[in-house]
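Engineer: Protein chains in written order, with the UniProt record's numbering: chain A, 1 to 129; chain B, 1 to 361.
No lab work stands behind these hints, which were simulated from the structure alone. Just so it is clear, CB atoms sit at the ideal spot from N, CA and C, and this is done for glycine as well. Accuracy of the hints is not assured; some may be wrong.
Unchecked claim - Pulled a few chain A residues facing chain B out of the computed Cβ check, cut under 7 Å:
1. Gly39
2. Val42
3. Glu63
4. Thr65
5. Glu70
6. Tyr72
7. Arg107
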Amino acid sequence: MSNIPEDLSYTKEHEWVSGVEDGLTVTVGITAYAADALGDVVFVQLPEVGSIAEPGDSVGEVESTKSVSEIYTPVGGEIVDINQAIVDDPSLANSDPYGDGWMFRVRMEGDPEDLLSAEEYAALTSGES
Amino acid sequence: MSRPTPLRDVHEGLGATLTDFAGWRMPLRYGSESAEHKAVREAAGLFDLSHMGEIFVTGPQAAAALDYALVGHLSAVTPGRARYTMIVNERGGVLDDLIVYRLGDEEFMVVANASNYEKVGDELKNRAKSYDVVVEDRSQQYALIAIQGPRSQEILATLTDADLAGLKYYAGLPGLVDGRQALIARTGYTGEDGFELFVANQDAVPLWHTLMAAGEPHGLKPAGLSSRDTLRLEAGMPLYGNELSAELTPFDAGLGRVVKFDKPGDFVGRSALEAVKDDPPRRRLVGLVARGRRVPRHGYPVTKDGAVVGEVTSGAPSQTLGKPIALAYVDTGADSGLAVDIRGSHEPMDLVELPFYRRNK
Chain A
1 MSNIPEDLSY TKEHEWVSGV EDGLTVTVGI TAYAADALGD VVFVQLPEVG SIAEPGDSVG
61 EVESTKSVSE IYTPVGGEIV DINQAIVDDP SLANSDPYGD GWMFRVRMEG DPEDLLSAEE
121 YAALTSGES
Chain B
1 MSRPTPLRDV HEGLGATLTD FAGWRMPLRY GSESAEHKAV REAAGLFDLS HMGEIFVTGP
61 QAAAALDYAL VGHLSAVTPG RARYTMIVNE RGGVLDDLIV YRLGDEEFMV VANASNYEKV
121 GDELKNRAKS YDVVVEDRSQ QYALIAIQGP RSQEILATLT DADLAGLKYY AGLPGLVDGR
181 QALIARTGYT GEDGFELFVA NQDAVPLWHT LMAAGEPHGL KPAGLSSRDT LRLEAGMPLY
241 GNELSAELTP FDAGLGRVVK FDKPGDFVGR SALEAVKDDP PRRRLVGLVA RGRRVPRHGY
301 PVTKDGAVVG EVTSGAPSQT LGKPIALAYV DTGADSGLAV DIRGSHEPMD LVELPFYRRN
361 K
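With the hints as extra help, turn the sequences into a complete structure.
Structural biologist: What follows is the structure in structure tokens.
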């Protein structure tokens, strides 16, 4: 059973989102479930700071030994920060997905896509595993 | 419903991530596949390869039957030795790549890939019809455990009196390992020294535990199919379904050396292969090393000046090189200025001689 922190929101694409409540800048990463499914992450490509994304846009990709998957932004707005540490050391996605393994920050404009609570995300992933 | 190996409970107990492969439920990795890969390069790894097929060919004409059925010269192999060889169709297309062990004057064991062993067994039975031999698929009775890596011999030596130091690469002998009857073979698919142990199904679990206990102080780790694939890729070894298929001859794959035209008599595929053996190959199998960090993968086009000149057959991040690597079929003459089209972006690649990795002997 993967770790799913109670205080975060989630997407069906296995991203986590924090900071939605204050409606300003949100932080996005991939979940422990996603990292476990990928295996050792070896490459992370993130969006450019200053770029503008719509909710649901593919803004980057995560590669592991066996596969590659896209990173989608669940909220629209300007990308205001990216985590250079995970670009330099992609294994942070496996070792600390909810902490040092965060990926990018978005200054939120408009409403986010349908987000899941921790409980809903747990139900989704238990159905998939 | 995929089939579990005799080691299913061991894998589940270790918390392995399991995957369906060629109809079998196999361990993909136990923890970090990078750590498993590293263990095999630097110490040793333990693999469950019980999905491989074991087909026994026995009888007075066993050697002659295999000379006819396969492209290799099996009658020239001395008992106790093994050969890498192939079975092809009448058109010369590769049906499988095989390791054939000569166990005695009249007994051979043909080891086939999990995805092909039923087809190989059927073909061998068919091709051996007019010979005085018995072809028997014993895949369901045998488990296969491989110990691979530079410390394999010292680990295995604690559990057997067999003469491991005298056992050459591509040789196999029957012996006792931890008191259990095994065929001990010095073969593998990782580019490292190592052994493959063919044992009866019921011996697999106790043997696994004994090997782990003996090996853990030496750095032995259980290793799954994910690391097996990156290890063989670094070693430049072909995988059936990726680099080899029925649409390609051994010559297309750069492995024409396994075809022994000078052996006596006819063999299946001889005339088709003789007709193409001197043809200049349209494409050849090469190694590519990425300059960037994005990974070329199976099926991606290889390009030069924007035009497609080949296709990636296998690709992965190489831990040993620290860069992504790939095997690819590339048009003869296209040696420089290559790129791989990675989801729309042409990423530059350098062509290198194979293998990517060669161990220090």
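Engineer: Would the hint on A:Arg107 stand, with a C-beta cut-off of 7 Å toward chain B?
Structural biologist: At about 27 Å, which exceeds the 7 Å cut-off, the nearest Cβ of chain B leaves the hint on A:Arg107 violated.
Engineer: Given A:Tyr72 as an interface hint, is its Cβ closer than 7 Å to any Cβ of chain B?
Structural biologist: At 15 Å from the nearest chain B Cβ, A:Tyr72 fails the 7 Å test, so the hint is violated.
Engineer: Once the shortest beta carbon distance from A:Gly39 to chain B is found, is it less than 7 Å?
Structural biologist: holds (5 Å)
Engineer: A:Glu63 was flagged as interface toward chain B. Is the shortest Cβ-Cβ separation under 7 Å?
Structural biologist: holds (5 Å)
Engineer: Can A:Val42 be said to touch chain B, with a Cβ gap under 7 Å?
Structural biologist: For A:Val42, the interface hint holds, since the closest Cβ of chain B sits about 4 Å away, which is under 7 Å.
Engineer: With a cut-off of 7 Å, does the beta carbon of A:Glu70 approach a beta carbon of chain B closely enough for the hint to hold?
Structural biologist: violated (9 Å)
Engineer: Should the interface hint for A:Thr65 be scored as holding, given a Cβ-Cβ cut-off of 7 Å against chain B?
Structural biologist: holds (5 Å)
Going through the hint list in order, the structure does not satisfy hints 5, 6, 7.
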